[in-house]
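Protein chains in written order, with our numbering: chain A, 1 to 178; chain B, 1 to 106; chain C, 1 to 329; chain D, 1 to 374; chain E, 1 to 645; chain F, 1 to 154.
Treat the hints with care, as some may be off.
[Said to hold, decoys possible] A partial selection of chain B residues facing chain E, derived with a Cβ cut-off under 10 Å:
#: 1; residue: Ala26
#: 2; residue: Leu27
#: 3; residue: Val81
#: 4; residue: Arg93
#: 5; residue: Ser95
#: 6; residue: Val98
[Claimed, not checked] Each computed SDA-like pair below joins lysine to any residue, with the alpha-carbon atoms no more than 25 Å apart:
#: 7; chain 1: D; residue 1: Lys257; chain 2: F; residue 2: Phe4
#: 8; chain 1: E; residue 1: Lys447; chain 2: E; residue 2: Gln363
#: 9; chain 1: E; residue 1: Lys65; chain 2: A; residue 2: Met81
[To be verified] Derived contacts from chain B toward chain A, CB cut-off under 8 Å, selection only:
#: 10; residue: Leu14
#: 11; residue: Arg30
#: 12; residue: Val39
#: 13; residue: Ala76
#: 14; residue: Leu85
Just so you know, the hints here were simulated from the structure itself, not pulled from any lab data. Ideal Cβ placement from N, Cα and C applies to all residues, glycine included.
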Amino acid sequence: MHFFASFTGSMTAFLIISVLIILCAIMLLSFRKVIYMALAIGGVFIGCAAVYILLGASFIGIAQVLIYAGAITILIMFAIMLTNHEAQEPPTKWSVKNIIIALGCALLGVALYLAIRHQTWSAQGTTVNQSSTVSNPVAIGMALFQQYTIPFELVSLLLIVGLVGAVILAQPRKEDEE
Amino acid sequence: MPTLSIPPQSLLTLGVILFCLGLFGALTRRNIIIVLVCVELMLNAANINLVAFSRLGASPNLDGQVFALFTITVAAAEIAVGLALLLAFFRLRQSSEVKDMNQNKL
Amino acid sequence: MWNWSGASHLTWLNGLAMLIGTVIVLLLALGVVTYTIYAQRKILGWMQGRIGPNRLGPFGLMQTIADILKLLIKEDIIPEKADRSLFLLAPILAFVPSFMVLSVIPFSRTHVFTANISIGLLFYIALSAITIHGVMLGGWASNNKYALIGGMRSAAQMLSYEVPLGMSVLGVALMAGSLNLNTIVMSQHTGWWNIVPQFLGFCIFLVASTAELNRTPFDLPEAESELIAGYHIEYSGFRMAFFMLTEYVYLFAMAALCATLFLGGWSGPFLPGWLWFAIKVFAFIFFQFWIQNTMPRIRADHLMSFSWKVLLPLSLFNIVLTAVFKTIV
Amino acid sequence: MALTDEAQSIRTEEMILNVGPQHPSTHGVFRLVVKISGETIIEAEPVIGYLHRGTEKLAEDLQYTQIIPYTDRLDYVSAMINNYALCHTVERALDLEIPERAEYLRIITMELQRVASHLLAVGSYLLDLGAMSPFLYVFQERERIVQMFNELCGARLTYNYMRVGGVKWDAPPGWIDQVRDFIPFMRKKLKMYDDLITGNEIFLSRVRGIGVFNTETALAYGLSGINLRSTGFDWDLRKKKPYSIYNRFDFEVPLGKNGDCFDRYILHMQEMEQSLRIVEQAVEQFPSSGPVLGKVPKMVRVPAGEYYSGIEGTRGELGFYIVSEGKDKPYRMKIRKPSFVNLQLLPELLKGQSMANLIAILGAVDIVLGEVDA
Amino acid sequence: MAAYAWIIPLLPLVGYIFLLLLGKKAPEGFVAGVSTILVLIGLGLSLGVFSSLAGTDGAVTYTWKWLSIGSHNIDVGFQVTHLNALMLVVVSLVSTLVFLFSLGYMHKDERFSVFYQYLNLFVFSMLALVISPNLLQMYIFWEMVGLCSYLLVGFWYFKPEAALAAKKSFIVTRIGDVGLFIAIILLFASTGSFDFNTIFQAAASGKIALGFISGSGLITLTAILAFIGAVGKSAQFPLHVWLPDAMEGPTPVSALIHAATMVAAGVYLVARLYPLFELSQPALTVVAWIGGVTALLASLMALTQRDIKRVIAYSTVSQLGYMMMALGVGGYVYGVFHLMTHAFFKALLFLAAGSIIHAIDTQDLFDMGGLRKKMPITFWTFLAGALALSGIVPFAGFWSKDDILTATLKSGHPVLYLFGLIAAFCTAFYIFRVFFLTFAGKPRDEKRYEHAHEGSWVMTLPLIVLAVLATIAGFFNSPLNGNALEKYLLRDAGDAVVAGIPTTSPAYLLGHTYPANVGLMALSVAVGLAGIGLAAWRYANKNREITVPTGEGNFLYMLSYRKFYLDEIYYAIVVAPGKVLAKISDFVDRYIIDGIVVVVSRLVYVIGLGLKYTQTGQLQTYGAATMLGLFVILAIALFRQGGVF
Amino acid sequence: MFGFIKGLGVTLSQLPRKKVTLQYPEVMPEWPERFRGVHRFIPELCIVCNQCARICPTSCISLSGTRDENRKQRIDTYDINFDICILCDLCTEVCPTESILMSDTFELANYDRDSLYLDMHWLYDNQLKYERAHPDRVTAGSDLQESAAKEEDV
């Protein structure tokens, strides 16, 4: 009974969502068609958004849907269609290199997991930060524009540079046209 | 807001699993787009940790969420530039495979 | 009736109520869509000197239902060369978000079926972006050149008009100081409707939403004189119906959003709130049909440059203007 | 980065797109094989003949009177003018005198036909550009013209009205008044179209500066009609080589300036206006009585020789070339079909354009497939 | 009224944006009309602001918080003091007239609309600079003024000289800007604020120090550094070289730069920071001497120039020297007064010169002559300007210049006074040299003379207005008028009050004032008349043939004509040693450093030969290696922490 | 600028206008007298001169007749193939007795080609139908009929 008591609604939801995320991630790695992979990553993105919302970070969750699922996945699909849109990934060859990589990844994962296991965690997080009077987007807005003004400006600069850079990189060069 | 009953360990473990899967993909897949996608996966894994700590860390505050937001933004810029590069590369070589991107070697 | 804005725990009762609410909203949406299509055909007909559907039922009221029934019982054709699984998935992927966005629209003062979430506006915009996947994958999976071009065009168009759309509604969010749609309506309930102080934003919203809905003059993705039918050229039967449903549910949702953001939502004198809301929604929908009747189709490259070179700067200007206005007042 | 030539040459992905024959905006059954790179047209090849009926060959086995119903089916939206073109050629060969009343009836019907045809051209052009309403509006006006023709000759599309030496029917009582009433009505409608279409920014942005060619090109390709006049070249057979009784009427030949799609559209509108002027004058001068069919031999036998005469059709110079051996049937008949000639410029015009302009250009060149394929 | 002062700079900005949106093809009349009307509205507002401040005591400041970095707040806003109000009037008045004049002058220029865009931006920057309440904001607009002058001087960029002149003006002023920038940073570092009042307060109360620099030392240092900025902007010796070259721009631009905007900014800066300068006698001395030397040198250079615009340009440098000198000797009011009168008559002279150039299409004095009959309005207005510049009673220049000279002598700078007097003599000479060469005598180039004509009303109206102003503006601060401006400006105790300086302190009053001295007045007028007389004898004498001077063998003439060889000296002491240094560096780099590098590189090459096989260019291999490395580091870290495994 | 607003006004002004749609199966179009629908045929008048068959550009008319006891030609069969008939009206133009005429029947849709092969009886029925529908129009025809009858008598 005690065991089930710990399985509250949020925990159940988390378990379901994380299983879905991992499933999507594995599908991402096992699909052959590139476009399917793009779809699978979309699933991962939405799953992560669900986790964020579960954690009370609803603004981040929606931003994740908007940017990752809405824009980035579409961009990826665009790129796929503009390049070799029937592209297929050959089945993973278990060459020495790939085995080493797989092993390395697994070891890294185990090491990280052990580190997590080993760490003692303080008491559960309270609601110190998220005062109930201020909603999540407002709180984030405050943090962004008060504490993190300069990083925020820098990120906007980065976006502009990214925009301009992407436009310049992707446009066909003049001499090519001639 | 009610207290959450999700232990932080499980969130972090989810992050680790996603990260390792992403890493594996990024190092083994041949299509550049998929490599980029796998990098996004790794970024998401990191984001989960950030948001988790923002809620469940030793001193919960909004910094984690703000950082996650920055990560998302940077990821957007990254993918835009990355895909533009990919398109330019594709025009040049008619290929979208990582193994053809070896022009930096001597 | 049931109002769960206060209920935050997920209990069996809440879950059941949610389910019932969902079904009711679904039925509502289907009804609205059915008669939106009917209204479209009637209004188009009237404006063109025709009568419009008048055969089935009084004044042809059953016509759309008959059409839907016809579509539902038609054979579900999947082209041999199509990518089967994506071809099947695409309409669903397109439809689900279109229906989900309705969950944040405050239909009336006592928002019975409405989730009162603090980021409702963002929720709408974020989810509507997912529909693009369905459209694009549908175009790709059909393995047809016209469908592919239509799908890509559609995706490019919706993506680039989402930006000015999101920017234009930010002005409203600034005015209300909230992303919560209920708060936005309440803020208009006491003061001006946003269409007055946010007129520029409203104009941008109108244009961007028309483009977002792929309606004339921005109906390039399905331009029948150029791309025949765009991304759903290979679809038939109830999958086609799904795409059509998506389109019209979005029309309804966008009309509802417009009414909520700019026209004061359910607020208005004398009449009950839901009726006001219906009137405003219909006004938006009517405007769409009216435009559809008048405008030729814009060209693809103009479409893009219009979004990036005109609407986006304008909407940024609108935000700055609103911010200055809010700071001073 | 140094590029090898090889890498450059395989850079772009070209795609072949079949526009038509079942494409909705090809004005009939017309196929255009377009090679595109991205959205840019590299090459466009018109494929015609889906509507070929062998009119010219059939004519060799038909008496001149029997050919007339076939001409109805050439440019099926301006049958009257086609009728006339054939009759005119035969009449010239026979040197026939046409009764006054018949001439006036011919002028009235032909100019009304021009209005009807131009209305349809404008309406379908707007439909191609995505505006649905104008197409339905023009049909309302056209319907009035068609009804008048129906009363005059009993058909709505294939009139078979002209005869060698005159016309088949006299105007029924009250018909002329109908025409008279129609003119102010049509003028009002033209104003309405101006409001609806001409000022529309989207329309302008789609047609201004699109599909431009100059007079030299037009002449080199043998273009005529509105396509030629849109480049500013003053060439209207009604003025330059007056036939029938056109020299009795006061009208202008509207000219374009830039040779773009907008000019071609606006010329359609202006020509309708001018046609109405002609009809107006013709109705005023209409002789009160008289025969409508001249003295024509029972069996029309064109003297041996070669004959050609062209008239100003709705889409350009429409001419019939007849080689006769003196029998009642032509030895060979060749039709100069303006649509067919105008179509020849299309591949040239489309080269380098974007896909979106394809429809705008194709629509403005204004072809009727019945005529192209004949 | 002062609360609406922010609208004044906004108007030209609106004009700029509007014209920008309108595009290049906009009709000329419309472009000029819109700009002129906007600035005219600004002028009206300025007058309102100006008059509303009369008799009041304090500065009016409005600020909003913009950024907060740490504990420091950065504000934006505007401040209206008596000085600002005066400047607003002067700038918008001159701009209005220049805008009007340009319609005629730039007629049919290809980039007419662009020209007006730049002008609008220029005026906006200057006006915004004037009402800036803090150093940072001021610096922003300071740089924008520089940018706009760069754009405008190089407006005809297809002429290589214009492009070169634009570059020169930009670079030379930039040297000064570095000084100003350092001064701003030092002030911010020491007081934690950019705000003028805060800085003055801190400086006056001695709460200013930075590390090892003492309070008074810091004040002197920052004042001099700020003055370097002013030197650059106001074309003071030795950074004056850009201004005459800037004549390559269109003439209305020169009028604007010389009269109201660019160069006035430097003087304005010193005047604005005057409470700071007053706290440091050494700084004031530097200002005075630089000013005096500039006034003298520039007037000497102007004597022999052949280009009409260059003469006037050197005259500007010289007059700016006067202003600096006045500020340096404590004649704050006189400096500002001269700034105002100079704005009017210099704008007048430039516009008149522009009118002449427009009419006969040359700038060479020796191609002109006899224009009096052809251009009567220009003739009379130019005469008014020339008399004002020469300091003849009762024209505007007389009152201000005489005040300056009086102040210089009375404050105990006889040498500077002498400098000023010589300069005054030269001034009278050279400006009447121009005057006679232009208007008197016979035309020396018949062909040009033939089609010379007066401009349209848009060109003559500004001339007339300015001529009237050049004639009467001096009475604004004449003893006859009870020194109205003096009272106006010095009621402006706001800065001092805010700075917490007791009203009894001498620093309460900005600078010192001196009563007019009839004797000195007479002397300076006499000197001026002498100069005019000499010019008349030399150039308006029917008996003397006017030839184009060659200057062969005449050392003094060449000294003046070649601007004291300053450009050459700069070349010799800055550029040439730089080249030598570069050669040396080149040698060192090429043979010594490269030698070492080559040896090292060979070594590395040999190592690299072996290592290159690890560089496959395969991204993923690198990634895999990185990952393994990460794992190893992680494992070691965990292991060292202990307990994990 | 904003020319499209004018256009919007035009479309809106069309909204309340009277609709032009013809409710076709319920409301039949009114055809003018000269309307060229499917032929009608009056066998009594036909003199089997074959002119109609000769003038027909598509050769869709085929007829046969026999001489009767009065040595007058009597029509036996008269078939028109509406598969290829183009309703050009030339046959009625040349008919000396106006026995072949055009009616205002225009609905020819059918499920098979054979039913488009119409014979004399159908065409005569069509004539009777026409007479019933337009009693005012057939006077001219009946005059001729009478005169033909007279000729017969003579």
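Status of each hint after checking the structure:
1. Checking Ala26 of chain B against chain E: minimum C-beta separation of about 6 Å stays under 10 Å; hint holds.
2. Interface restraint check: Leu27 of chain B against chain E, minimum CB-CB distance 5 Å, threshold 10 Å, status holds.
3. Given hint, Val81 of chain B at the interface with chain E, is violated; its Cβ is 16 Å from that chain's nearest Cβ, farther than 10 Å.
4. At a threshold of 10 Å, the smallest CB-CB gap from Arg93 of chain B to chain E is about 13 Å, leaving the interface hint violated.
5. Annotation: interface hint on Ser95 of chain B violated; nearest CB of chain E at approximately 14 Å, more than 10 Å.
6. Annotation: Val98 of chain B was flagged as interfacial toward chain E, and the flag holds, the nearest CB pair being 6 Å apart, inside 10 Å.
7. At roughly 24 Å between alpha-carbon atoms, Lys257 of chain D and Phe4 of chain F fall within 25 Å of each other, so this suggested pair holds.
8. Simply put, Lys447 of chain E and Gln363 of chain E have alpha-carbon atoms about 15 Å apart, close enough for the 25 Å limit, and the pair holds.
9. Restraint check: the Cα-Cα separation between Lys65 of chain E and Met81 of chain A comes to about 49 Å, which exceeds 25 Å; the hinted pair is violated.
10. With a least beta-carbon distance of about 5 Å to chain A, the hint placing Leu14 of chain B at the interface is held under the 8 Å criterion.
11. This hint holds: Arg30 of chain B has a C-beta 6 Å from the nearest C-beta of chain A, less than the 8 Å allowed.
12. A cut of 8 Å between beta carbons decides the hint on Val39 of chain B: the least distance to chain A is about 10 Å, and the hint is violated.
13. Hint on Ala76 of chain B holds. Least Cβ distance to chain A is approximately 5 Å, under the 8 Å limit.
14. The interface hint given for Leu85 of chain B is met, as the beta carbon of that residue sits about 6 Å from the closest beta carbon of chain A, less than 8 Å.
Of the numbered hints stated above, those contradicted by the structure are hints 3, 4, 5, 9 and 12, listed in ascending order.
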